[in-house]
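S.K.: Construct the entire structure; sequences and hints are all you get.
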Amino acid sequence: GAVVSQHPSRVICKSGTSVKIECRSLDFQATTMFWYRQFPKKSLMLMATSNEGSKATYEQGVEKDKFLINHASLTLSTLTVTSAHPEDSSFYICSAPPPGLAHNEQFFGPGTRLTVL
Amino acid sequence: AQTVTQSQPEMSVQEAETVTLSCTYDTSENNYYLFWYKQPPSRQMILVIRQEAYKQQNATENRFSVNFQKAAKSFSLKISDSQLGDTAMYFCAFLAGNNRKLIWGLGTSLAVNP
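From first to last, the protein sequence lines stand for chains A and B.
Residues 358 to 474 (our numbering) are what the first sequence spells out, left to right.
Residues 219 to 332 (our numbering) are what the second sequence spells out, left to right.
Bear in mind the hints are in silico, worked out from the structure with no lab data behind them.
Don't take each hint at face value.
Derived DSBU-like pairs: lysine-lysine, alpha-carbon spacing no greater than 35 Å straight-line [claimed, not checked]:
{"hint": "1", "chain 1": "B", "residue 1": "K291", "chain 2": "A", "residue 2": "K398"}
{"hint": "2", "chain 1": "B", "residue 1": "K273", "chain 2": "B", "residue 2": "K288"}
{"hint": "3", "chain 1": "A", "residue 1": "K423", "chain 2": "B", "residue 2": "K296"}
{"hint": "4", "chain 1": "A", "residue 1": "K399", "chain 2": "B", "residue 2": "K288"}
{"hint": "5", "chain 1": "B", "residue 1": "K288", "chain 2": "A", "residue 2": "K423"}
{"hint": "6", "chain 1": "B", "residue 1": "K296", "chain 2": "A", "residue 2": "K412"}
{"hint": "7", "chain 1": "B", "residue 1": "K319", "chain 2": "A", "residue 2": "K421"}
Please read all numbers here as calculations on a predicted model, not as lab measurements.
M.R.: Written out as structure tokens, the structure is:
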């Protein structure tokens, strides 16, 4: 199946710093990618839809200035958590639907665990 | 609004036994897709099985099968011959429309006991 990678897999940063998380589709082009946040033993919460060549679409309640998304190419989307605070600590997951799949399957990255001290 | 409900936060089953995880959903759409995803302790989301709403036949993937009841808006997952490696969170998800956004249930934590 299609492969989606994320980097880094885990990051620890100090409060007030910014952290960039990369999501790459390794063997297909993705015009759309999705960014999720997941708390321990909870479901996935969609944060935003990343669109190649245009602005990301944010879900209600998600601060676009806090969580910057850039979909620079057909294989790369980045999520930057700006001025991170301890409450931003979470597990962040990206997903991408390969084009042309009639059954609409999405492939998920392995996730990034962010810890803000 | 479209919603997905998983009413069993936690379940357990003995190895080699069969377990059924429930999922119901609400939608006014006629064409949609339903998925079961598995999230083991590694936290990598893995697709277990999918069902297209226009197909009446229940999907089956080896030990995993679904009972899709469109009129009742029910989409349960049956795991046969449970194995220790099946221990994971299981999420039911729904997708409709062109925006390709998945609507997620809250998940069921399944423990397979030796």
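S.K.: All the hints need checking, so say for each whether the structure fits it.
M.R.: Results of checking the hints against the structure:
no.: 1; hint: B:K291 x A:K398; in the structure: holds, 25 Å
no.: 2; hint: B:K273 x B:K288; in the structure: holds, 10 Å
no.: 3; hint: A:K423 x B:K296; in the structure: violated, 41 Å
no.: 4; hint: A:K399 x B:K288; in the structure: holds, 27 Å
no.: 5; hint: B:K288 x A:K423; in the structure: violated, 41 Å
no.: 6; hint: B:K296 x A:K412; in the structure: violated, 41 Å
no.: 7; hint: B:K319 x A:K421; in the structure: holds, 18 Å
Violated hints for the displayed structure, listed by number in ascending order: 3, 5 and 6.
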